[in-house]
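Engineer: Each chain, written out:
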Amino acid sequence: MAETKNKIGVLSCTGEDCLGGTISRLATRKLMEKVRPGETVTLCLPLFLAGGEEERTFAQVHPTIALEGCDKCCAKKATEKYSAPVCDVLIVSDIIGKDVAESKALSTRYLTEEHNDMVDKVVDELVKKIDKIDSDRK
Amino acid sequence: MSDEKIKVIPCSGIGKVFGLITREVALRVANELCPEDAETLCLSYVVTGDDEVKQKIEGHNCITIDGCATKCAAKNVAYAGGIIKDQYSATEAYKNHRGEYGGTATILTDAGWQMVDELSEKIADKIKNERGDKNNG
Amino acid sequence: MEMSKFYTVLPCNGLDKCAGCVARELAIKLATETNSEIICPVLYRVADSRYNEIAAKNPLLVIDGCATRCASKLAAEKGLKIAKKITVTEEAKRKNVKLGTSLRLNEDENLFVNALIKDLLTEEKKIRTEDTTTGFPETFEYELYHKDKFIFRVPKEGFYYTENDTWAYVIGNKARIGVTDFVQKSLSDILFFSPATIGAEVEQFDDLGNIESGKAVFEIISPVTGKVTAINETLLESPELININPYEKGWLAELVLTNFEEDKELLLDFDHYYPIMQRKVDEFDV
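Chains as they are written, first to last, in my numbering: chain V, 1 to 138; chain W, 1001 to 1137; chain U, 2001 to 2286.
It is possible that some hints are incorrect.
[Stated by the list, open to error] Partial list, derived from the structure: chain W residues whose beta carbon lies under 8 Å from chain V:
{"id": "1", "residue": "A1073"}
{"id": "2", "residue": "I1083"}
{"id": "3", "residue": "Y1101"}
{"id": "4", "residue": "I1107"}
[What the hints assert, rightly or not] Each computed DSS-like pair below joins lysine-lysine, with the alpha-carbon atoms no more than 25 Å apart:
{"id": "5", "chain 1": "U", "residue 1": "K2185", "chain 2": "U", "residue 2": "K2227"}
{"id": "6", "chain 1": "V", "residue 1": "K34", "chain 2": "U", "residue 2": "K2029"}
{"id": "7", "chain 1": "W", "residue 1": "K1071", "chain 2": "U", "residue 2": "K2185"}
{"id": "8", "chain 1": "W", "residue 1": "K1095", "chain 2": "U", "residue 2": "K2118"}
{"id": "9", "chain 1": "V", "residue 1": "K30", "chain 2": "U", "residue 2": "K2147"}
{"id": "10", "chain 1": "U", "residue 1": "K2264", "chain 2": "V", "residue 2": "K7"}
{"id": "11", "chain 1": "W", "residue 1": "K1075", "chain 2": "V", "residue 2": "K77"}
{"id": "12", "chain 1": "W", "residue 1": "K1071", "chain 2": "V", "residue 2": "K98"}
{"id": "13", "chain 1": "V", "residue 1": "K98", "chain 2": "V", "residue 2": "K129"}
{"id": "14", "chain 1": "W", "residue 1": "K1095", "chain 2": "V", "residue 2": "K104"}
{"id": "15", "chain 1": "W", "residue 1": "K1056", "chain 2": "V", "residue 2": "K77"}
{"id": "16", "chain 1": "U", "residue 1": "K2147", "chain 2": "V", "residue 2": "K129"}
{"id": "17", "chain 1": "V", "residue 1": "K30", "chain 2": "U", "residue 2": "K2156"}
{"id": "18", "chain 1": "W", "residue 1": "K1005", "chain 2": "V", "residue 2": "K104"}
{"id": "19", "chain 1": "U", "residue 1": "K2215", "chain 2": "V", "residue 2": "K34"}
{"id": "20", "chain 1": "W", "residue 1": "K1075", "chain 2": "U", "residue 2": "K2185"}
{"id": "21", "chain 1": "V", "residue 1": "K81", "chain 2": "U", "residue 2": "K2280"}
{"id": "22", "chain 1": "W", "residue 1": "K1071", "chain 2": "U", "residue 2": "K2147"}
{"id": "23", "chain 1": "W", "residue 1": "K1071", "chain 2": "U", "residue 2": "K2215"}
{"id": "24", "chain 1": "W", "residue 1": "K1095", "chain 2": "V", "residue 2": "K98"}
{"id": "25", "chain 1": "V", "residue 1": "K81", "chain 2": "W", "residue 2": "K1075"}
{"id": "26", "chain 1": "V", "residue 1": "K128", "chain 2": "V", "residue 2": "K138"}
{"id": "27", "chain 1": "V", "residue 1": "K132", "chain 2": "U", "residue 2": "K2085"}
{"id": "28", "chain 1": "U", "residue 1": "K2185", "chain 2": "U", "residue 2": "K2215"}
{"id": "29", "chain 1": "U", "residue 1": "K2249", "chain 2": "W", "residue 2": "K1075"}
{"id": "30", "chain 1": "U", "residue 1": "K2093", "chain 2": "U", "residue 2": "K2215"}
{"id": "31", "chain 1": "V", "residue 1": "K81", "chain 2": "W", "residue 2": "K1095"}
{"id": "32", "chain 1": "W", "residue 1": "K1095", "chain 2": "U", "residue 2": "K2215"}
{"id": "33", "chain 1": "V", "residue 1": "K30", "chain 2": "U", "residue 2": "K2185"}
{"id": "34", "chain 1": "V", "residue 1": "K30", "chain 2": "V", "residue 2": "K129"}
{"id": "35", "chain 1": "V", "residue 1": "K129", "chain 2": "W", "residue 2": "K1071"}
{"id": "36", "chain 1": "V", "residue 1": "K81", "chain 2": "W", "residue 2": "K1071"}
{"id": "37", "chain 1": "V", "residue 1": "K138", "chain 2": "U", "residue 2": "K2147"}
{"id": "38", "chain 1": "V", "residue 1": "K34", "chain 2": "U", "residue 2": "K2280"}
{"id": "39", "chain 1": "V", "residue 1": "K77", "chain 2": "V", "residue 2": "K7"}
These aren't lab readings, by the way, just hints derived from the structure by calculation. Each residue gets a CB set at the ideal place from its N, CA and C atoms; glycine is no exception.
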């Protein structure tokens, strides 16, 4: 097997009917592409639900964080149902506020600086979770 | 088609540009082109939710938009008991723009947005035609 | 076992060592058990008209006793295309058989001949295996390599690979070719398939069409020399089958081979390809 043992999975909510889902998705992508490239693996929730063997196997073997748009916690439920308990959960509505997170879903066409700030706040919290998992492993 | 809104369900796959295209198409159709006739639905919530939640989709008309051949939206809607009236594919939209670069799973290029707009309008036309036929019939 | 003629056999018939006698015995047994036809190498050298026709009728099996390769050299002199080659000393080494010094075969050497026949008959059975098209198996067993969440499949048996990540699966004088899991995952969703032309004659490492995704165009490098007899037409409408499984429903083309024994020398088996693929996967940001 390739050097995967230190990687951490992030399973993001994709909530199509609220802003929290968009922020969650963007935060996961930013984490993977810019903030912690090579350290995290994004897992695709729709594929996870549809039977994706690669996603489900990864979450069984590696620590996985569920990143939720709101407190319905769909990503966490899916992981626990089809794979294994998650290592940690981060809820976007806890960071940006419930009313904001549950407002109308946002197209990336209309992203503003305010939205980007929300993404950064979520990324900062994600990084803390990742660092904690890493230090607990040592 | 009854007066209830048709559910437009994208796959929203996070790994590829096609997933982002499906998501943007669904949002454009439901929020801008056909807000009276269509709505999006959080599929993950329906699939993982309790029976009360599942009723949001079970037996209801749905349009699915998938990013690739894995067809996660169609599979999950079928699993949840939705009636799939039409299926669309972001890769088919991409084929109409051969050689162009649509963007990444994070951000679309102008070509990517063009694909979104074309597919959105195609779906919106279909919804409006069917709604119009129903009203006239 | 009742079988149609499936080989024309050219043995070395060497009488200076046991390996030559094994070659002779193997040819005789093949002729009797499988209805194959033998070319006498001595007569062929001086009067080829009798055998040229037979040589062209069926796939040619050349049996050399040893590394001197007299039968192969004769075939080359006569301009024959070799479908399969057996070198007795190499096979003996592979099967851990110690050949004696006598020109009369002992019990072990006769058992060795039977084992070689069995290998050839097993391969014949593969040719006759029923499947909807041309006798190629529909499923395979894979070795799996994991990188992050991705799983890369590599079939273990029967495949020959190139360093360009294309493969050939050979049955008799036919080959099916395709790309590996590494290619389809690197490309992501394949949107277009531009196949080779049926009837085209290709040399090893020539282009055999291409496949295209939103990311890149991949030129398909032929692992073998031959003539294209079929393309996977399903892929024209459904190129995503290559992504789903590039070894089974995602095969690309079929060829009749014209020089496989030589081609093979530049191809990799599983044991040699797998570590190359592992390195590529480790270096690639999937």
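Engineer: Would you mind marking each hint as holding or not holding in the structure?
Structural biologist: We went through each hint and held it up to the structure:
Hint on A1073(W) holds. Least Cβ distance to chain V is approximately 7 Å, under the 8 Å limit. Interface hint status for I1083(W): violated, as the beta-carbon distance to the closest one in chain V is roughly 18 Å, over 8 Å. Checking Y1101(W) against chain V: minimum C-beta separation of about 17 Å lies over 8 Å; hint violated. Checking I1107(W) against chain V: minimum C-beta separation of about 7 Å stays under 8 Å; hint holds.
For a cut-off of 25 Å, the pair hint linking K2185(U) to K2227(U) is broken: about 29 Å separates their Cα positions. With a C-alpha separation of about 68 Å, the suggested pair K34(V) and K2029(U) falls outside the 25 Å cut-off, and the hint is violated. With a C-alpha separation of about 17 Å, the suggested pair K1071(W) and K2185(U) falls inside the 25 Å cut-off, and the hint holds. Restraint check: the Cα-Cα separation between K1095(W) and K2118(U) comes to about 50 Å, which exceeds 25 Å; the hinted pair is violated.
The hinted pair formed by K30(V) and K2147(U) meets the criterion: a straight-line CA distance of about 21 Å does not exceed 25 Å. For the given pair, K2264(U) sits about 40 Å from K7(V) by alpha-carbon distance, which is inconsistent with the 25 Å threshold. Pair hint K1075(W) plus K77(V) holds up; C-alpha atoms about 18 Å apart against a cutoff of 25 Å. Using a Cα cut-off of 25 Å, the hinted pair K1071(W) and K98(V) is violated, with the two alpha carbons roughly 32 Å apart.
Pair hint K98(V) plus K129(V) holds up; C-alpha atoms about 21 Å apart against a cutoff of 25 Å. Distance check on the hinted pair: K1095(W) and K104(V) sit about 31 Å apart at the alpha-carbon level, beyond 25 Å; violated. In summary, the hint linking K1056(W) to K77(V) is supported, as the alpha carbons are separated by about 18 Å, within the 25 Å threshold. Restraint check for K2147(U) and K129(V): satisfied, since their Cα atoms lie roughly 23 Å apart, inside the 25 Å limit.
A distance of roughly 39 Å separates the Cα atoms of K30(V) and K2156(U); the hinted pair therefore is violated under the 25 Å criterion. With a CA separation close to 17 Å, the supplied pair K1005(W) and K104(V) stays within the 25 Å bound. A C-alpha spacing of about 21 Å is found between K2215(U) and K34(V), which places the hinted pair at or below 25 Å, so the restraint holds. Proximity of K1075(W) to K2185(U) is assessed by CA-CA distance (about 22 Å); at most 25 Å being required, the pair is judged to hold.
Restraint check: the Cα-Cα separation between K81(V) and K2280(U) comes to about 34 Å, which exceeds 25 Å; the hinted pair is violated. Taking the CA atoms of K1071(W) and K2147(U), the gap is near 23 Å; set against the 25 Å cutoff, the hint holds. Restraint check for K1071(W) and K2215(U): the C-alpha separation of about 20 Å stays at or below 25 Å, so the hint holds. Straight-line distance between C-alpha atoms of K1095(W) and K98(V) comes to about 40 Å, which puts the hinted pair past the 25 Å bound.
Our distance criterion of 25 Å between C-alpha atoms is met by K81(V) and K1075(W), whose separation comes to about 17 Å. Taking the CA atoms of K128(V) and K138(V), the gap is near 16 Å; set against the 25 Å cutoff, the hint holds. The suggested pairing of K132(V) with K2085(U) is violated, with an alpha-carbon distance near 62 Å, which exceeds 25 Å. Among the hinted pairs, K2185(U) with K2215(U) is consistent with the structure: their alpha-carbon atoms are about 11 Å apart, no more than 25 Å.
In summary, the hint linking K2249(U) to K1075(W) is supported, as the alpha carbons are separated by about 21 Å, within the 25 Å threshold. In summary, the hint linking K2093(U) to K2215(U) is not supported, as the alpha carbons are separated by about 47 Å, beyond the 25 Å threshold. The hinted pair formed by K81(V) and K1095(W) fails the criterion: a straight-line CA distance of about 36 Å is larger than 25 Å. Only pairs whose Cα atoms come within 25 Å are accepted, and K1095(W) paired with K2215(U) is accepted, the gap being roughly 12 Å.
Distance hint between K30(V) and K2185(U) is fulfilled; the C-alpha atoms sit about 22 Å from each other, no more than 25 Å. Between K30(V) and K129(V) the alpha-carbon distance is near 15 Å, which keeps this suggested pair within the 25 Å criterion. The hinted pair formed by K129(V) and K1071(W) fails the criterion: a straight-line CA distance of about 32 Å is larger than 25 Å. Restraint check for K81(V) and K1071(W): the C-alpha separation of about 21 Å stays at or below 25 Å, so the hint holds.
Between the alpha carbons of K138(V) and K2147(U) the distance comes to roughly 22 Å, so the proposed pair stays at or under 25 Å and holds. Distance hint between K34(V) and K2280(U) is fulfilled; the C-alpha atoms sit about 23 Å from each other, no more than 25 Å. In summary, the hint linking K77(V) to K7(V) is supported, as the alpha carbons are separated by about 21 Å, within the 25 Å threshold.
Going down the numbered hints, you'll see the structure goes against 2, 3, 5, 6, 8, 10, 12, 14, 17, 21, 24, 27, 30, 31, 35, while the others check out.
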